[in-house]
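**Q** So the chains spell out like this:
Number of protein chains: 4
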Amino acid sequence: MSGNGFGHLFRFTTWGESHGAAIGAVVDGVPPRLKLTEADIQPWLDRRRPGQSRFTTQRQEKDRVEILSGTFEGLTTGTPVSLLIRNEDQRSRDYGEIRDKYRPGHADIAYDMKYGIRDYRGGGRSSARETACRVAAGAVARKILGDGVRIRGSLVRMGADRIDPAAFDDAEIDGNPFFCADAAAAARWEDLLGRVRKAGSSVGAVVEVRASGVPPGLGAPAYDRLDADLAKAMMGINAVKGVEIGDGFAAAALSGEANADEIRMENGRPRFLSNHAGGVLGGISTGQDLVVRFAVKPTSSILTPRRTITRSGEETEIRTRGRHDPCVGIRAVPVGEAMMACVLADHLLRHRGIDSARGG
Amino acid sequence: MSGNGFGHLFRFTTWGESHGAAIGAVVDGVPPRLKLTEADIQPWLDRRRPGQSRFTTQRQEKDRVEILSGTFEGLTTGTPVSLLIRNEDQRSRDYGEIRDKYRPGHADIAYDMKYGIRDYRGGGRSSARETACRVAAGAVARKILGDGVRIRGSLVRMGADRIDPAAFDDAEIDGNPFFCADAAAAARWEDLLGRVRKAGSSVGAVVEVRASGVPPGLGAPAYDRLDADLAKAMMGINAVKGVEIGDGFAAAALSGEANADEIRMENGRPRFLSNHAGGVLGGISTGQDLVVRFAVKPTSSILTPRRTITRSGEETEIRTRGRHDPCVGIRAVPVGEAMMACVLADHLLRHRGIDSARGG
Amino acid sequence: MSGNGFGHLFRFTTWGESHGAAIGAVVDGVPPRLKLTEADIQPWLDRRRPGQSRFTTQRQEKDRVEILSGTFEGLTTGTPVSLLIRNEDQRSRDYGEIRDKYRPGHADIAYDMKYGIRDYRGGGRSSARETACRVAAGAVARKILGDGVRIRGSLVRMGADRIDPAAFDDAEIDGNPFFCADAAAAARWEDLLGRVRKAGSSVGAVVEVRASGVPPGLGAPAYDRLDADLAKAMMGINAVKGVEIGDGFAAAALSGEANADEIRMENGRPRFLSNHAGGVLGGISTGQDLVVRFAVKPTSSILTPRRTITRSGEETEIRTRGRHDPCVGIRAVPVGEAMMACVLADHLLRHRGIDSARGG
Amino acid sequence: MSGNGFGHLFRFTTWGESHGAAIGAVVDGVPPRLKLTEADIQPWLDRRRPGQSRFTTQRQEKDRVEILSGTFEGLTTGTPVSLLIRNEDQRSRDYGEIRDKYRPGHADIAYDMKYGIRDYRGGGRSSARETACRVAAGAVARKILGDGVRIRGSLVRMGADRIDPAAFDDAEIDGNPFFCADAAAAARWEDLLGRVRKAGSSVGAVVEVRASGVPPGLGAPAYDRLDADLAKAMMGINAVKGVEIGDGFAAAALSGEANADEIRMENGRPRFLSNHAGGVLGGISTGQDLVVRFAVKPTSSILTPRRTITRSGEETEIRTRGRHDPCVGIRAVPVGEAMMACVLADHLLRHRGIDSARGG
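Protein chains in written order, with our numbering: chain A, 1 to 360; chain B, 1001 to 1360; chain C, 2001 to 2360; chain D, 3001 to 3360.
Keep in mind that the hints were calculated from the coordinates and are not lab data. Source: prediction; values computed, not measured. The reader is advised that the hints may include incorrect statements.
Claimed, not checked - Computed list of chain D residues with no C-beta within reach of chain C, every gap over 10 Å:
(1) A3021
(2) T3037
(3) D3046
(4) R3054
(5) K3062
(6) D3170
(7) E3172
(8) G3175
(9) A3186
(10) D3227
(11) A3295
(12) S3300
As the list claims (entries may be wrong) - Just a few of them, taken from the derived set where beta-carbon distance is under 8 Å, the chain C residues facing chain A:
(13) T2013
(14) V2030
(15) I2117
Glycine residues also receive a C-beta, built at the ideal position from the N, C-alpha and C atoms.
Please build the complete structure, drawing on both the sequences and the hints.
**A** Right, dumping it as structure tokens:
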């Protein structure tokens, strides 16, 4: 297997399975002399942690992060920051029928086709648990970005039910178990997800991540575009099936007139009158808010029997019992925020390295 | 500027501006002894070539590709394949007002913010002309994939008008100037785009690319997922604002039951009863058809005046005259196909290098 | 800081400082289903471990390796192999004068110039302790190479005293504390190094690493040459100042006639009559023994006072007391072996990925 | 084949065979707004050009470089700089016996083992002609480094005959056909090489490259050390068999006392009293002169018959007629300079990106 690292100058590599002793991340490309302690990382992990409401898996993990290297007296030394999170709740359980049966909609069959391995215990590297490492790495990235860059994710749709954009209230996001910025929608979702959970079913969602204070000029116009790297980052999160920037798929229906973000001057600086572009033009940030959305499919772990086959090729049915999230999109919110932080930190260092070095 | 290369083992690097002498690509990571001549590449370039109907820019470019290195007696030698395409139609023109004014919705302002350079002649590396190099590199990638993998793109939506999936006819795609698989839709679009063009306006689109015959097992479960690399590839095409795999954003509205692709056996091999996943589970190909869609925004080059500023910060208006595509999504179809070929070739080599080497 | 990873397909990333809680390596690009347990790694670490004779530092470290991820039931799963080695002997000591004074010949001044950090405790990432991680990663690489590839390092020179090549006896290498293949030289070195140690001085050395059973065809002719990657690998070991392949610098004095390794047939395969090339031609392995040598400078930790400056720019003198190796070249032997294993494993995977895929 | 690119942020990719239409390099990672025209590159190519004295191959190549992209009105735009050099002297010749016979000491047998291809015309990518591209890329790198960094190579040994270091005169280097800084040695070499040439033989050499004005702090302490990257760069030049930094292999014979570069203050800055380290400590530049030497083996193209085999496995003999360099080390001098420039430019951008960003 390859591809367990992400980024170019700011680069992290993650390891660990959900049912091993621990998981972790090694973050390379950290500038020296940044303030960093566990207390800078833990709050972000706490937001992603399972078991906090009845709407996420009841697996109990404290997700305590330990910094094993890369800091001295509360400052980064520039050396790799090694982050460790122990797995605590690996309760012995009866894997029963999932041991030999593939789950329709789950990665297990593809994984087995590729590696010849059936890690029935928890999905191996496909486990959502791996995303805790992304959140930890994202916390380091935020230190590079500094306080001027603010990254905020929320759930804007659960199943077919969307929030009302006019009701979007940033202060509401942490006031409900869904990271929902629309109080009325949150109330509806509580009901919706309660029913889904009781039915042993699951539902998809759409997450939106916004970053404000992003300096203009991050990115590049060919392949390492800021939007392309964000697309890779978000599509690389478990269960994500779509990514869009700014107006995204809706832009396909627009005319050129409607799509053009007109420009005026304000306090001596360009000001865009709208943000259809979502903060990126030609792969480069414009200084407007960066707006990314991604679609999360419903988890494949459901109680209703589905037709499937066994490893040995016999046709059968499967029901998945166990501790699962009825809407995995909820816990994808902090993960999306973290991935955006990592992409921005990487592009900030790249920009500083090459393009800020412009001649006279 | 960095990031002018794409891929890991199969890796190409492109260069050139739309108004220089030539553009080109250097393809590294090509296995030796594959059949390759210009005749294997030219047909794909011809599909992307401008000036073929009244619905694409009237810029006249033959887009003749020359292989400068990497082949001997019709076979690849394994050395880098250097591909050259001369720019022919660089007519001296009056850049007039676009010389100093930013075009709303265009990359020129972001480019200038980053590089301190105003290449008013044609967008520098942001020019759609660069995508000819991607198509050429894609033709080399197809030789690695072999005839068993078939990649086919089409336009599935123009503006707000979608094709009827039930009317999808592969044979229709090359029968109209829109790469449209639905004859009725193509007829409607002819009318629609004619009006858009006459109005000096533009319209967005959605492109779908399908690959059949993809071997199972390509990709990896963490960051270099097949879907994540496809997302980067497609979002990295000019004017693309969204990418989705399989059901994509529609998956957010599904229940786990509806989203599960059930599995049966057929001729001793697993057969999926549906393809909501779009051929990828956990970042790894399943052997089903790979289905990717991307949204293309309308071009910013329109005749209607828009408010903007000049380089020196004065408020003004702009109208863009010149030879432009009223629907840039059309010519993005062969580009999307090429990028899919490149991603698949790269993952095929990676899979062969690491994971096909499995022990006992 | 960047650059804490090594390799392309087989890629490991190391972390940790000599005076933190632990050090470690994350190995990515491991094929699935290889046999791997701690018992496959520990013996190589034991060879590098300090405190085994009076000729190496008396720091007491057990260097027990723990596999935190990437294996299941004794087989690799393909997922990243995370290796942890705890630091045990971090005795509180009086850093005294080295706290503020730079050691002539030591990296501390360059490190401080770059990072603005003075990690007087143990050299930060410049510490020789980091090389334990390379040895651990090398043990994983050996599993990829299989038993057919045999890698063996030895000390061929201590100070000005060289071994007699005619007396080279592989079986002798583990019979003395110097990894010396010439029993007579080992006896002389025992005397020599005893005197150096008592004088509080230090001495340089030359290490030779040989690999037999290397398949022909590893490497590439341009930049990622097998010899170039070996040069980077060996020059990247602490205190190394020179690297050579085959005849190395002596080749400069040869005529073309003398340097040519003539070729005959033997059992239907090419056989070279000599090995001036050291197993590499044009950056590609030939199937002959791979022969690499590297020069290790004497450690800068010596008792004789040397003129230096303090961090604040005052002129002064320094003597380094403490637990140090009088000849750091000795412990570089297992490190050189490990780096060769990693380079070979990486090139084996790359070759398999791209070039073994040659067309008909 | 892979590995035709070099560098991380400043990264160039080369292509082309000696007997094709042209060779070239694409340079990515170039900061915008640097002055660059062909006149900045051509002089460096002229120094490497063959046919300038009777001591280099009589192949006649003008080596005229063309910039195909990346500049506008004499300034870099930041976009990739594509450099083209046409092959002119591809005279039709009788390859005679080298068509089917391997040349002992030449890469042709290894190349064929790997790729299954026999490019008897000129060595494919193993040809020394490829190094012209490195020289061109190096000229771009010098623009990034600026005039403050001065890089100067010379031949310090031909065969067994070394220069007298005390007689080293920088002004002498361009006054003889050997890039020799010692006039007396140059006179001896004229005689020596005349005899070698007449005998149809060849001889090895040692090249030294020095850089002054290198800022302290370039490099990193683990794998991407400045010295490790220089070792890869130099060992990657055709026919190179050894690389050393500072005292190099001689350091193995030194005591710690002799090897320590003592430090004093001068004008408020550290001054080293000697330079055994060659300007690098712990992989990081110290601000002292960077001193690298590499050994070049004698070319395998000689008139004396050598025993070899044919492609089909028959034992035979071979003599190589044709236009060859009796001492390929001479033309390696500008190549070594160029590679040092590329390594320094890359590390300068990396340092600026990550480590210069240090917190408060």
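**Q** Next, verify each hint and record whether it holds.
**A** Now the hints, each set against the structure:
1. Residue placement check: D:A3021 keeps its beta carbon more than 10 Å from all beta carbons of chain C (closest about 19 Å).
2. Distance check on D:T3037: its Cβ is at least 27 Å (rounded) from any Cβ of chain C, clearing the 10 Å threshold; non-interface status holds.
3. With a closest Cβ-Cβ approach of about 23 Å to chain C, D:D3046 is found to remain outside the 10 Å limit, as its non-interface label requires.
4. At roughly 18 Å from the closest C-beta of chain C, the C-beta of D:R3054 stays outside 10 Å, upholding its exclusion from the interface.
5. The Cβ of D:K3062 lies farther than 10 Å from every Cβ of chain C, with a closest approach of about 24 Å, so its non-interface assignment holds.
6. D:D3170, annotated as away from the interface, keeps every beta carbon of chain C farther than 10 Å; the closest lies near 22 Å.
7. The non-interface label for D:E3172 is consistent with chain C: the shortest C-beta to C-beta separation is roughly 21 Å, beyond 10 Å.
8. Every CB of chain C lies more than 10 Å from the CB of D:G3175, the least distance being 23 Å, so the non-interface label holds.
9. The Cβ of D:A3186 sits about 17 Å from the closest Cβ of chain C, beyond the 10 Å cut-off, so the non-interface label holds.
10. Here D:D3227 does not stay apart from chain C, with its beta-carbon only about 5 Å from theirs, under the 10 Å limit.
11. The claim that D:A3295 lies off the interface is violated: its Cβ sits roughly 4 Å from the closest Cβ of chain C, which falls inside the 10 Å cut-off.
12. Its beta-carbon lying about 6 Å from the closest one in chain C, D:S3300 breaks the requirement of being farther than 10 Å from that chain.
13. Because the beta carbon of C:T2013 sits about 5 Å from the nearest beta carbon in chain A, less than 8 Å, this interface hint is met.
14. Because the smallest distance between the Cβ of C:V2030 and any Cβ of chain A comes to about 7 Å, under 8 Å, the interface hint for this residue holds.
15. Given the 8 Å rule on beta carbons, the hint for C:I2117 holds: about 5 Å separates it from the nearest Cβ of chain A.
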